[in-house]
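S.K.: All chains, full assembly: derive it from the sequences and hints.
So the chains spell out like this:
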Amino acid sequence: MNKKAIDERRRQAAAEWEELKKSPLPLIYIGAASCGLAAGAADTQAAAEEYLSRKGISARIIPVGCIGPCYLEPLMDVQMPGKPRLSYTNVSPKEVPGILAGFFESGEISKNHLAGHFGNGDFDGIPRFFDLPMLKPQVRVVLRNCGLIDPEDLDHYLARDGYKGFEKCLSMTWQEVLDTVKRAGIRGRGGAGFPTWRKWQTCREAESDQRYLICNADEGDPGAFMNRSLIEGDPHAVLEGMLIAAYTIGASQGYVYIRAEYPLAITRLKKAIGQMREMGLLGPNILGSDFSFDIKIKEGAGAFVCGEETALIASIEGKRGMPRSRPPFPAISGLQGKPTIINNVETLGTLPNILRNGAEWYAGYGTETSKGTKTFSLVGKVRRTGLIEVPLGITLREVIYDIGGGTQKPFKAVQSGGPSGGCLSEEFLDLRIDYEHLAEAGAIMGSGGLIVVDSDTCIVDMAKYFMTFTQRESCGKCVPCRVGTRHMVEILEKICDGKAELADLDKLEKLGQTVKSGSLCGLGSTAPNPALTSLKYFRPEFISHVKDKRCPAVSCKNLVIYRVIANKCTGCQRCVRVCPTGAITGPRSEPHNLDQSKCIKCRSCYEICRFDAIAGDAIIIES
Amino acid sequence: MSKDGFSAIVEEFKGERGDLIPVLQRAQDLYGYLQPDAIRSISRWLKISENEIFGVATFYAQFRFHPPGRHHIKVCLGTACHVRGGEQILVMAQQRLGVKTGETTADGKYDLDRVACLGCCALAPVVAFDDKIHSQMSVLKIQKIFDEQKSD
Chain A
1 MNKKAIDERR
11 RQAAAEWEEL
21 KKSPLPLIYI
31 GAASCGLAAG
41 AADTQAAAEE
51 YLSRKGISAR
61 IIPVGCIGPC
71 YLEPLMDVQM
81 PGKPRLSYTN
91 VSPKEVPGIL
101 AGFFESGEIS
111 KNHLAGHFGN
121 GDFDGIPRFF
131 DLPMLKPQVR
141 VVLRNCGLID
151 PEDLDHYLAR
161 DGYKGFEKCL
171 SMTWQEVLDT
181 VKRAGIRGRG
191 GAGFPTWRKW
201 QTCREAESDQ
211 RYLICNADEG
221 DPGAFMNRSL
231 IEGDPHAVLE
241 GMLIAAYTIG
251 ASQGYVYIRA
261 EYPLAITRLK
271 KAIGQMREMG
281 LLGPNILGSD
291 FSFDIKIKEG
301 AGAFVCGEET
311 ALIASIEGKR
321 GMPRSRPPFP
331 AISGLQGKPT
341 IINNVETLGT
351 LPNILRNGAE
361 WYAGYGTETS
371 KGTKTFSLVG
381 KVRRTGLIEV
391 PLGITLREVI
401 YDIGGGTQKP
411 FKAVQSGGPS
421 GGCLSEEFLD
431 LRIDYEHLAE
441 AGAIMGSGGL
451 IVVDSDTCIV
461 DMAKYFMTFT
471 QRESCGKCVP
481 CRVGTRHMVE
491 ILEKICDGKA
501 ELADLDKLEK
511 LGQTVKSGSL
521 CGLGSTAPNP
531 ALTSLKYFRP
541 EFISHVKDKR
551 CPAVSCKNLV
561 IYRVIANKCT
571 GCQRCVRVCP
581 TGAITGPRSE
591 PHNLDQSKCI
601 KCRSCYEICR
611 FDAIAGDAII
621 IES
Chain B
1 MSKDGFSAIV
11 EEFKGERGDL
21 IPVLQRAQDL
31 YGYLQPDAIR
41 SISRWLKISE
51 NEIFGVATFY
61 AQFRFHPPGR
71 HHIKVCLGTA
81 CHVRGGEQIL
91 VMAQQRLGVK
101 TGETTADGKY
111 DLDRVACLGC
121 CALAPVVAFD
131 DKIHSQMSVL
141 KIQKIFDEQK
151 SD
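Keeping their order, the protein sequence lines are chains A and B.
With the numbering used here, letter number 132 in the first sequence gets 132, and the count goes up by one each step, no holes.
With the numbering used here, letter number 37 in the second sequence gets 37, and the count goes up by one each step, no holes.
These aren't lab readings, by the way, just hints derived from the structure by calculation.
Here the structure is a predicted model, which is why all the values come from computation and not from measurement.
Backbone N, C-alpha and C define an ideal beta-carbon position, used for all residues, glycine too.
Hints are supplied without guarantee of correctness; some may be wrong.
[Unchecked claim] Sample of chain A residues at the chain B side, in silico, Cβ under 8 Å:
no.	residue
1	A14
2	E299
3	A301
4	A303
5	I316
6	V379
7	I451
8	I600
9	C602
10	I608
[Stated by the list, open to error] The list that follows gives simulated cross-link-like pairs (lysine to any residue, SDA-like), each with its CA atoms no further than 25 Å apart:
no.	chain 1	residue 1	chain 2	residue 2
11	A	K270	A	I61
12	B	K14	A	I61
13	A	K598	B	E103
14	B	K14	A	G302
15	B	K74	A	A260
16	A	K477	B	Y60
17	B	K14	A	I297
[What the hints assert, rightly or not] Only part of the chain A face toward chain B is listed, based on derived beta-carbon distances under 7 Å:
no.	residue
18	R228
19	T457
20	G518
21	G522
M.R.: This is the structure we're talking about:
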């Protein structure tokens, strides 16, 4: 297919997209990304289908990607002919008939579970969806299509100016594209924040007959799912970005290295790649130009360290995913010894927007040194969890309170950058989120995981959690990482068990510095960050564990006990039934007994007493 | 390893060194785990020693070397799941199944694994029963799921 043909197809797609907006057929959109499905979107969709067929109504059901506010899943939007699309939230299957009946039977739109509309201006006193508190402060650049288009329909992407950025690129020289990306100022979104253009230039200028481009979709950082959502919601954006990058660096073969844990994302990528091939957007002489490029998918086999560039390359080559020392950098000698560029999913997904709208437009967002927007997965104890995109330079407070709605219990900390990042206390709430400020505070931007914790979370336990994670994922090649992380875990375990001495805290700090400076790759050299920042900003909490043998968050298992308050217990026996070890006994209507020696502190009795029992709070946990 | 299954895999790939991991993944898809037979056949085909193949396979968490149970239970312990009580859910699953993480129940019905992460962090904590992800779990909810499963 040549340029003219794709223009024609886009024109048609755009017309159909407009049609769709004015569709004579009612449309029902279901948020069907992994998170939506986990919340029960498939059952919601089935309920909608069942309702339509039972009533003999013809309407079209369109599954879409993630629009962001995961806490509102499952989402079901209804669009009647000539009316704006209305978004219903937390729609369980049993709510579906009631909502749909409002549209198809009574004509009285149900306001229950109704969150907003997607039209312009005012509609019947209903707020615009994008004016909701969680969405209003956001700027959707890379996520612009997520949740709005059918990710499996290429025409939807084309209708929203899809592949226009790449077409523009074809009319430019590689130097001009590079210069555009340089002026846009985008830095690698995978974590380290290295300027994208500089890496590209090194690769392009390296003497070679073959260059490779790899899209790093090995999103191993626990607590982060931005890349998954983007691929699931708008796979063509990432693939178009790959075309742009490959054109600039002169690569003829590309790979997407993606985690096997993301089956839906893999399915959508495969489908999208097939569509590209049909359209002549992959293969020899793309759109009649002299640029040829193809993409293969490589599924990761479960190793966090493979997010590191040289380990990822080893894994694609069929070896153990162990990093090697650099230089030479992959941009000069990478896959099969050839110049190789590895870009993160989000970096690539942003490129079409930069090419289409211009470098200055993109650079208009963000700060002097950290330009543009960044996606984050805002999770943990905030009220409104989900996927967000904000201009860099926004403060943590704006993200956690304005977008996330704050925490129910008192805010304690925010962890940025996952196992390589840091844990920041309340005093950092006004910190601007950009590469420099986060690094100064001892955290990192990372790939974009933001985990908010409240007074119920023990900081020592969280540091132990991250340390245990990196220790398990250490590839074992270098001693500081292999042995050092192991010792750090042991010290943290001792602290959590109330068996540590004050000297252990200093030991932990010293060891952390050694691991940081002595490790071979990024995994080891950042692994101590969570422990070191926690120790720096939350030292009193460590000291309570060590000196008083108390866990202030009442969370460390070996420092808490469960007790039945005799005068509150009504003897309803609900806790007796859920206790898996038979630790709670007692006849009906009499206060129950809890045998500490049998108690495994699983929390079942506590939960059932608070949510289901007659007394309500007869079981307490103390430290 | 059956001849048919193996020849189907052979047809899909060029037989290059870089195919090793995808080939192992396909073999595991086919048989549920990496049988010694399968590794032997792959070794001869790709001309990589069995030792080296084991070296590669054991590096990655995805590969199994024992027959799996009929149902897979994966408790997510990503950060968001951890801070929302994933650990306790894992303890409960271990308690109910009488196995440790990475083991299969004696009747071959369930595998229990911990993973980080399933990428549904906003709905933490989550547990995957086979391909279905259960969100916003609690120790009570997982007990209920086990109670319901028992009947089948």
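S.K.: For every hint, state whether the structure bears it out.
M.R.: Hint check:
{"no.": "1", "hint": "A14", "result": "violated (32 Å)"}
{"no.": "2", "hint": "E299", "result": "holds (6 Å)"}
{"no.": "3", "hint": "A301", "result": "holds (4 Å)"}
{"no.": "4", "hint": "A303", "result": "holds (5 Å)"}
{"no.": "5", "hint": "I316", "result": "holds (6 Å)"}
{"no.": "6", "hint": "V379", "result": "holds (4 Å)"}
{"no.": "7", "hint": "I451", "result": "holds (5 Å)"}
{"no.": "8", "hint": "I600", "result": "holds (6 Å)"}
{"no.": "9", "hint": "C602", "result": "holds (5 Å)"}
{"no.": "10", "hint": "I608", "result": "holds (6 Å)"}
{"no.": "11", "hint": "A:K270 - A:I61", "result": "holds (22 Å)"}
{"no.": "12", "hint": "B:K14 - A:I61", "result": "violated (41 Å)"}
{"no.": "13", "hint": "A:K598 - B:E103", "result": "holds (24 Å)"}
{"no.": "14", "hint": "B:K14 - A:G302", "result": "holds (24 Å)"}
{"no.": "15", "hint": "B:K74 - A:A260", "result": "holds (14 Å)"}
{"no.": "16", "hint": "A:K477 - B:Y60", "result": "holds (15 Å)"}
{"no.": "17", "hint": "B:K14 - A:I297", "result": "holds (15 Å)"}
{"no.": "18", "hint": "R228", "result": "holds (5 Å)"}
{"no.": "19", "hint": "T457", "result": "holds (5 Å)"}
{"no.": "20", "hint": "G518", "result": "violated (22 Å)"}
{"no.": "21", "hint": "G522", "result": "violated (18 Å)"}
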